[in-house]
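Peer 1: Following the hints, put chain C in place on chain E, whose structure we already have.
2 protein chains.
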Amino acid sequence: MQELEKAPEIERWGKFELSLPGPQDGNPFTDVSFAARFRQGHRIVEADGFYDGQGCYRVRFMPDTLGKWSYETVSNVPKLNLVQGMFTCVEPSPGNHGPVGVDREVHFAYADGKPFFPFGTTSYVWNHQEEELQELTLRSLAEAGSFNKIRMCVFPKHYDYNLNEPALYPFAGSLEEGWDFTAFDPAYWQHLERRIEDLQQLGIEADLILFHPYDRWGFAEMSPETDDFYLRYTIARLSAYRNIWWSLANEFDLMKAKTMRDWDRFFRIIQERDPYGHLRSIHNWHHPGIHYRSNLHWYDHGKPWVTHASIQHHDLHFVEEWQETYRKPIVVDECRYEGNLNHGWGNITAERMVECFWQGMLNGGYVTHGETFLHEDNIIWWSHGGTLHGESPSRIQFLRQIIEEGPQLDRLKTDFHWDIAAGGVDGEYYLAYFGSSRPGFRMLSLPEGITFTIELIDTWNMTMTSLPGTYEGNCRVDLPGKPYQALRIQAINQQT
Amino acid sequence: MQELEKAPEIERWGKFELSLPGPQDGNPFTDVSFAARFRQGHRIVEADGFYDGQGCYRVRFMPDTLGKWSYETVSNVPKLNLVQGMFTCVEPSPGNHGPVGVDREVHFAYADGKPFFPFGTTSYVWNHQEEELQELTLRSLAEAGSFNKIRMCVFPKHYDYNLNEPALYPFAGSLEEGWDFTAFDPAYWQHLERRIEDLQQLGIEADLILFHPYDRWGFAEMSPETDDFYLRYTIARLSAYRNIWWSLANEFDLMKAKTMRDWDRFFRIIQERDPYGHLRSIHNWHHPGIHYRSNLHWYDHGKPWVTHASIQHHDLHFVEEWQETYRKPIVVDECRYEGNLNHGWGNITAERMVECFWQGMLNGGYVTHGETFLHEDNIIWWSHGGTLHGESPSRIQFLRQIIEEGPQLDRLKTDFHWDIAAGGVDGEYYLAYFGSSRPGFRMLSLPEGITFTIELIDTWNMTMTSLPGTYEGNCRVDLPGKPYQALRIQAINQQT
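Chains E and C, in that order, are what the protein sequence lines are. If you read the first sequence in UniProt numbering, its first letter stands for residue 1, the second for the next number, and so on. If you read the second sequence in UniProt numbering, its first letter stands for residue 1, the second for the next number, and so on.
Since the hints were derived computationally from the structure, they do not count as laboratory data. Careful, some of the hints might be misleading.
No distinction is drawn between identical chains; accordingly, a pair holds when it is met within one copy or between any pair of copies.
[Claimed, not checked] Derived DMTMM-like pairs (lysine to aspartate or glutamate); straight-line CA-CA distance at most 20 Å:
hint : residue 1 : residue 2
1    : Lys482    : Glu376
2    : Lys482    : Glu391
3    : Lys6      : Glu455
4    : Lys15     : Glu46
5    : Lys68     : Glu17
6    : Lys79     : Glu105
7    : Lys6      : Glu91
8    : Lys303    : Glu405
Note that the structure is predicted; figures quoted are calculated from it, not measured.
If we strip away everything but chain E, and leave its shape as in the complex, we get (with noise of 0.2 Å):
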C-alpha cells in the first residue's frame, strides 16, 4: 500500500491519470490486468488501465462531480494492485461543459445541460497524414468555426485517393512483417490522444470510428477474439476524453467478415466497459430507394445500446420518419460531399450541401459536411484534412450562429406544409426553409392571438432582413421568389 501523495486537482470532466512502472517482461498487453477504483462517497466507478509502453502502466478517470474522490488500483500484479490515492475535482474551466449526451430524447446537450447542435464534417484519416497536414487541418477547422464535431477513423485506410502508408499504425509489428495481434504500438495510440486533445481544444467533438470497411492491411478481418481486445484497449485509453463519440463503424454493412451479432456484440462491450457512457452509434452504406434491390438491411438504431442514429442519405425528408421510427436523435452523418470528385458521393454542389443542413436540421435531425475537390497531390478534406476549399463551411458556419442563438428544433404543431422544412418551439420560435423551392409569396397559419416578427434568412448569401411590421394567425408573408430563403420568426415578448 503507496503512501497517499498530497491530493492534485482535476477540473470537472477533466482527465485524471495515474501512471505506475510495471513489469515489461512477457506480454504486458495480455499478461496484465490493471485497473482502479474511484470512490466517491459510496459511489464507485472502476476504469480500465492499460500498457503504454516501456514498462509504464496507467489508469484515467474522468469525474462527473465535484469534490473529493479516492481510488485503489486492481491488478494481477502486486507492484500494480492496491495502490492508493486522492484527486480533488473542481470546477471546470471555460469551455468546458463535459462530455454529450442525449438530451430530451431526439437532441444533445453538454453535461452541464448546455444544448449542443451538432455540425459535423468528415475527414476520415486527417490523424494518418503527415504531421504538418496534421496541424494545417486543426488550423483550417478553427478559422472555419463552422464544425462541433469530426468524423475520424482509428485505423488507416485504404481507398481511392488513399494509398499511402500511414506513419503509425494501432498494432504492433509492421506490414513487411506481419502484425502482432496481441500486442499495441503506444505510440500511435499517444499520437492519436494528442490529437484528440487538440480537437477538445477546438471544441470538436471526436466521432471515432472504430472499424471499417477500406483495408489492406488486416484489420477489418481480425478475429473476434482481437476485435474484442482491441475495443477494451481502446475504450481504456480513450474513454476518459470527454469529447469522444464512439462510432462504431463507417458503413458497416460493407464488412463482409462481420455479422449482425458482431455489432451486437462490441455495441455492449463498449456499453459495459466505458465508464462515462459516450455517444454510440454505427453508420450504414446501404440506402433504401437507392439500393433497393439490396438484401442489406439497417442496423436497428431502435436497439437499447445505441444512442443516436448515424445515418447515411441523400434525401433528408426521411429524418422525421427515422426520428419518429427510432425515437433517438438522427445525424445525417452522410449525405454526399461538396465537390467534383468522379464518384457520386463526392461531387454535390455546395448549394446542395447547405441545403442538407438546412433541411436536416429543421426537420430536427444533424448534418455531417464532407468535402471533395480533385487536388493535384491527392489531398482532399473527406480523407486528409489540409484546406477548406469549398462554398459550404461558412454558410454553415451562418446557419450554426443562427442555430446556437435559438432553441432545441422541435417538431411542430403549426403546420409549415410539406415543402417546407420547419422546426421550432410552438407559439415561440420557429425557422422555416424552403430550399430549392422559391415562392414568390406565402401564406402562414401561425398561432392566433401571439404576435411575431419575421426575418428573411437567405442561406446562401448569408443575409438576414427583419421583415416590415409584425404577423399573427393566418398571415401573408412576402417572399423574393428565388432559391434558399429562410424565415426566422419569433414571438414578442409579451412583457417587455
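Peer 2: Positioned in the frame of chain E, the structure of chain C alone reads:
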C-alpha cells in the same frame, strides 16, 4: 333499310361519322339507344352512338385497317335501326400514325409502329377559358414544340386562381337552376371535340381527365348511375379521336365520395365501351415518403385494365422501382411545376423541372411538365394555358429532339452507377445524365470490343460537343465539373 350512298373515303385512324335525324321528344339521352356495327370480313366492331341535340344522332368509328367497311345501326327507334352503309379506309395522311398504345412492355408507340415518347404538359382547364385564351394556348403549344401530350379536364375546376365560371358545362341545366344529370349539353361537347381536333393537328395527345376533386358544382359527387351514364356518353363521343387517352382522375385519392370499387368499375366500363382500347390510367395525390403517415394507398397500377402508371411524385429515382413493380410504362404526370407560386407543388426552378425530365426519361419513364408563375390576371399555364413564361420548355424541346433521334431507352446491364440516370440499348446507344452532380471526370465501364463515340451534352445551355477520340471498355471521360451535363454514347457502326 336505307339506300347505300356512294362509299366515302376515311383515312386509317381517321374518324368516320354517321349522322341521322331522330326523335326529339322525351329525353333522347336516356330513351334512345343507338349504336352501329362496323364490319370488315368476319370482323365486327360495335361503336356506341350518341344524341347530339336538335334531333341529331351520331355514331363515330375509327377504322384501323385499310379496305372496305360496311356498317349497320342498332337502335330501339325504328327510324334509327338497321341503317346500312359503307366506307373505304384509305392510307393515313402524313402525320397520322394512329392512336398511341403500349409498346415493348414499358414504352409507347403509335399504331403504325412509330415510337411515341410522351413529353407531356399540364393545362387542366385551358378548354374552359375564354376563346381567345384557348387560341393563344394552341399557338403557345405549337411554338414551343416541346410537348406531345396535354393533361386536361372534362369538368371545370375550382381551386385557387381558378374561380371563374366556364362558358359551357358537360351537363344540361345551369348553376342557378341545377343540373339535369339525365341530359348533356351538346354545345359543351362539340367545343371539347373541336379542341381535341386542334390538339390532333398539333400532334398532341389529349390525356383527358374524366374526374377530379376540385369541384364546387357537384360533378365530383354524382351518383354511381350518373357517373356511369357520363362515362358512356364520353366514350361514345370521343373514342373515335385517335389522340384520346383516358385519365380516370386527377388525384383520385382526394375524391372522398369515390371508393376503389368505383374506380375499378369505371376502368371496366371504359374497357368495355371503348372499341379501340385507348390508353387508361389513374393519377394519385398522395406521395409515399412525403405523406408517409397517411393511410391513403395508390390505386394498384398492376390491375389488368390499367395500361400505364400515371404517377404524382417528386423523386424520379423511383421510376426504376415502379417499372419493376408494375411492368408497365411509367408516366410521372406531376413532379411539381416550374414557377413561383405560394404552393409547394408550384415553385420549383426550371433547372429542377428539366432535371426531372432527364432523370425520369433516362430511368426508363416519362415525365410531364407544368408551369405556375404568379400572374397579374391569374392566367397560369397549369390551369388556364396562355403563354409559356418558363425556362424549361426550350430545354425540354432540346431533350425531345435528342430522344426522338434515338431508340427507346431500356434498363441497362452496363453499370453507370447509382448516381447517374442512364438508359439506352446495351452495346449500341447510351444516354447518361449527371443531374446536379458535377464530377470532374468519370470512369466508364463500356462493353469491351465495341468502339464508341461520346458527345457531351450541356442540358441547360443546350449544347452538344463531340469529345475527342473514341472510347471502349474501361475508360476515362473528362467532364467540366458543373451541373446538368449528360453524355450520348454511340457505337461506331462497324459497317461504315
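Peer 1: Is it within, between, both, or neither for Lys6 and Glu455, if the alpha carbons may be no more than 20 Å apart?
Peer 2: neither (57 Å within a copy, 78 Å between copies)
Peer 1: At 20 Å max between alpha carbons, let me know whether Lys68 reaches Glu17 within a copy, between copies, both or neither.
Peer 2: within (15 Å within a copy, 102 Å between copies)
Peer 1: Within a copy, between copies, both or neither: where do Lys482 and Glu376 come within 20 Å Cα-Cα?
Peer 2: between (36 Å within a copy, 19 Å between copies)
Peer 1: From the Cα coordinates, with 20 Å as the cut-off, is the pair Lys6 and Glu91 best called within, between, both, or neither?
Peer 2: Answer is within; shortest intra-copy Cα gap is 19 Å, inter-copy 109 Å.
Peer 1: Under a CA distance limit of 20 Å, which applies to Lys79 and Glu105: within one copy, between copies, both, or neither?
Peer 2: Classified as neither; 46 Å inside a copy, 80 Å across copies.
Peer 1: When no copy is named, should Lys303 and Glu405 be tagged within, between, both, or neither for a Cα gap of at most 20 Å?
Peer 2: neither (33 Å within a copy, 54 Å between copies)
Peer 1: With identical chains treated as interchangeable, where does the CA-CA distance between Lys15 and Glu46 reach 20 Å or less: within a copy, between copies, both, or neither?
Peer 2: within (15 Å within a copy, 90 Å between copies)
Peer 1: Under a CA distance limit of 20 Å, which applies to Lys482 and Glu391: within one copy, between copies, both, or neither?
Peer 2: both (19 Å within a copy, 14 Å between copies)
In this structure, the earlier hints numbered 3, 6 and 8 are contradicted, and the remaining ones agree with it.
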